[in-house]
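If you read the protein sequences in the order shown, they are chains A and U. To convert, note that position 280 of the first sequence is 280 in the numbering used here; the numbers rise steadily by one, no gaps. To convert, note that position 202 of the second sequence is 202 in the numbering used here; the numbers rise steadily by one, no gaps.
In case anyone wonders, no lab produced these hints; they're calculated from the structure. Just to be clear, a hint being listed does not mean it is correct.
Incomplete in silico selection of chain A near chain U, CB under 7 Å [what the hints assert, rightly or not]: (1) V78; (2) T129; (3) M136; (4) M144; (5) T148; (6) S151; (7) A154; (8) L311.
Here's a subset of chain A near chain U, in silico, CB distances under 10 Å, partners left out [said to hold, decoys possible]: (9) S126; (10) F141; (11) L152.
Sample of chain U residues with no beta-carbon within 12 Å of chain A, all distances over it, derived [to be verified]: (12) A3; (13) L11; (14) L58; (15) G60; (16) W63; (17) L67; (18) L78; (19) E133; (20) R164; (21) L184; (22) D187; (23) L252.
Think of the CB as a built atom: it goes at the ideal place given N, C-alpha and C, for glycine as much as any other residue.
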Amino acid sequence: MTASPVSTTGPATSSMVPVRRRSRETLIAAVAFILFALLPPMASALNDTFFVFFAIRVMVFAIAAVSLSLILGFGALVSFGHAAYLGLGAYSVGILAEHGYWDVTVSLPVTLLVCGLFAAITGAISLKTRGVYFIMITLAFGQMAYYTATSLSAYGGDDGLTIWGRTEIFASSVLSDRTTFYYVVLGMLILSYVIARVIVASRFGRVLQGAKQSEMRLRAVGIDPYWYRLVAYVIAGMMAGVAGALLANAAEFVSPAYMSWHRSGELIVMVVLGGLGSLAGSIVGAASFLVLEEVLAHFTEHWRLIFGPLLVLVVLFGKGGLTAMLGGGRKNG
Amino acid sequence: MSATLLAVQTLNGLQLGILLFLIAAGLTLVFGVMDFINLAHGVQYMLGAYLAVTGYSLTGTFWGALLFGMLGALVVGLVLELLVFRHLYDRDHLDQVLATFGIILFLNEAVRTIWGSTPLTLPMPDLLSGSFELMDGLLYPVYRIALIVAGLVVAAVLYLLVTRTRAGMLVRAGATNAPMVAALGVDIRRLFMLVFGFGTMLAGFAGILAAPILVVEPGMGDNLLILAFVVIVIGGIGSIRGAFIAALIVGLVDTLGRGFATDIAKLVMSPSAANGVGPAIASMLIYLLMAAVLFFRPTGLFPARGG
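So here's chain A without its partners, still in its complex pose (with noise of 0.2 Å):
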């Protein structure tokens, strides 16, 4: 590969973001957006509805990997609990809707202050240490979660909530129809993209890099990195949130198994296939990472003897990511 010379050269340079890399960042975003959006009027001549459910699920999930790819790609932060919030979204709108709370008005305020309640308090936590520590700590919170969704037994419990229907925008129940819910998930996948992006590219996001970079050097200059770790954590955690919601409004269901460990360790991997780093990569992770267990899936039940192992060889042997397979420049982590 010989292409970005300069972005490979050392550690202190990778940030700065070339304007190559930021055209083709937008570029696989777009067709990513427009594909999406193409979706539905394709499936509809095609008189196949999978497609269109299949597809809602990676929008989900790639909201998901967005908000994680905001602290893990951009932050070095290895969050092992991120399913939690999209847990904790979910659960916010099954357990509104058993006390008769449809509306959007209340289920968005309350999920976003519930993740993000969450997120401030674990995240004061378990930012204060470093590498395996983090790792251990953000698992065994997001396994606290867990384990308190499943005792939750006048929600469900271990079987979970069945919500009889969905989100209501103010007062008018047009998420029921599924092109709109479909176009709505789309909106708010766009959405998180688009302030994902501009919180990378603003100071914020840059002493965020920064601190990836040298904790050191950012102290230095007087700037204490801590804080601005947890407010990327709180961000990500109620961005996840969201993504829980719009969950839990796709399935009309909620359920504890949302929030497994392995579902933290899923979102962690569609956002390195996309490439460590790169948002519009994490849309093509968790799209990559869907589709291919969909595919594992219809050859065998045990289709996890594949991936696993197929996992390992990516760590081991390829490095930076789909985006970069891609095309262009590679990028450590």
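Fit chain U to the given chain A structure using the hints.
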């Protein structure tokens, strides 16, 4: 009678603590010496149990099963080390997490493919199958007592190995400052193989001990692995003593919490509310404990790594 209940729950808590210690012991040393995060360690616990079930059907005795399970877990652990782990030591933690996650996916599924998803059981040895009277009217299975004793013996042996032998000294030194130990001419990779093999065997041993009293099923090691992480975080990475004490604390807090949280909640709220809140609080307890320890001592109770 709540005193007998308390006694039983305390013993059960010790049991869980012992199992956690056996898993965490190997893991914490691996972290300490190599700064390597191995998510697949819980799989060794599962493999120990499954291989013991197979060993039992081959030999017909618990002791044959024990031997088969431990050697099997050791062999699998060393093969994994050779094929995958050894290429990950110099990588960042993210790579280690991903690769070992891949191994978990593979081995959990492999176990499901080979042994099926139906839970299996391992009969306990005849010698230990009775129960004896702890106090008036309280019968407690001998096997569960034996499990605690076996765990304590292993802990004692491990303590002696780590504090009194040359290899143990190197392990401690490695946990404190691995590059320095390597610079002094110690083959840290070989030392690590030793620690790693020993650790996988201990995890397998825990799985075999647990097999007769818990069900043997795919993924059985995953949840214990995360509890073992909590133990390591509380105890301090690389410290056997910390792992032992933290394991007992976590085992006791979790078991007693589950046993009594609802009753305690009933003291301050209505019974129906307590039935809802109690279990939720019980399942959060050890994580809250972890958070509290971290808040006051970010490197755990007995940090091994100096400076």
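Checked hints:
Using the Cβ-Cβ criterion of 7 Å, the hint placing A/V78 at the interface with chain U is satisfied: the shortest such distance is roughly 5 Å. Given hint, A/T129 at the interface with chain U, holds; its Cβ is 6 Å from that chain's nearest Cβ, closer than 7 Å. Annotation: interface hint on A/M136 holds; nearest CB of chain U at approximately 4 Å, less than 7 Å. Look at A/M144: its Cβ gets to within about 4 Å of chain U, closer than 7 Å, so that hint holds up.
This hint holds: A/T148 has a C-beta 5 Å from the nearest C-beta of chain U, less than the 7 Å allowed. Nearest Cβ of chain U to the Cβ of A/S151: about 4 Å, under the 7 Å cut. The hint holds. Interface hint status for A/A154: upheld, as the beta-carbon distance to the closest one in chain U is roughly 5 Å, under 7 Å. Interface restraint check: A/L311 against chain U, minimum CB-CB distance 3 Å, threshold 7 Å, status holds.
The closest approach between the C-beta of A/S126 and any C-beta of chain U is roughly 8 Å, which is under the 10 Å cut-off, so the hint is satisfied. A least Cβ separation of about 6 Å between A/F141 and chain U falls short of the 10 Å threshold, and the interface hint therefore holds. With 10 Å as the threshold, the beta carbon of A/L152 comes within range of chain U, its nearest partner Cβ sitting at about 6 Å, so the hint holds. The Cβ of U/A3 lies farther than 12 Å from every Cβ of chain A, with a closest approach of about 27 Å, so its non-interface assignment holds.
With a closest Cβ-Cβ approach of about 23 Å to chain A, U/L11 is found to remain outside the 12 Å limit, as its non-interface label requires. In this structure U/L58 is separated from chain A by more than 12 Å, as the shortest Cβ-Cβ distance comes to about 25 Å. A cut-off of 12 Å between C-beta atoms confirms that U/G60 is not in contact with chain A; the least separation is 30 Å. The beta carbon of U/W63 is kept farther than 12 Å from every beta carbon of chain A, the shortest such distance being approximately 32 Å.
With a cut of 12 Å on Cβ distances, U/L67 stays outside the contact zone with chain A, its closest approach being about 28 Å. Taking the minimum C-beta to C-beta distance to chain A, about 17 Å, the non-interface status of U/L78 holds against the 12 Å cut. No Cβ of chain A comes within 12 Å of the Cβ of U/E133; the nearest lies about 34 Å off, and the non-interface call holds. With 12 Å as the threshold on Cβ separation, the claim that U/R164 sits away from chain A holds: the shortest Cβ distance comes to roughly 28 Å.
Distance check for U/L184 against chain A: the nearest CB is about 24 Å away, which clears 12 Å, and the non-interface claim stands. Here U/D187 stays apart from chain A, with its beta-carbon at least about 23 Å from theirs, past the 12 Å limit. Non-interface status of U/L252 relative to chain A is upheld: no Cβ of that chain comes within 12 Å, the nearest being about 17 Å off.
Hint violations for this structure: none, all hints satisfied.
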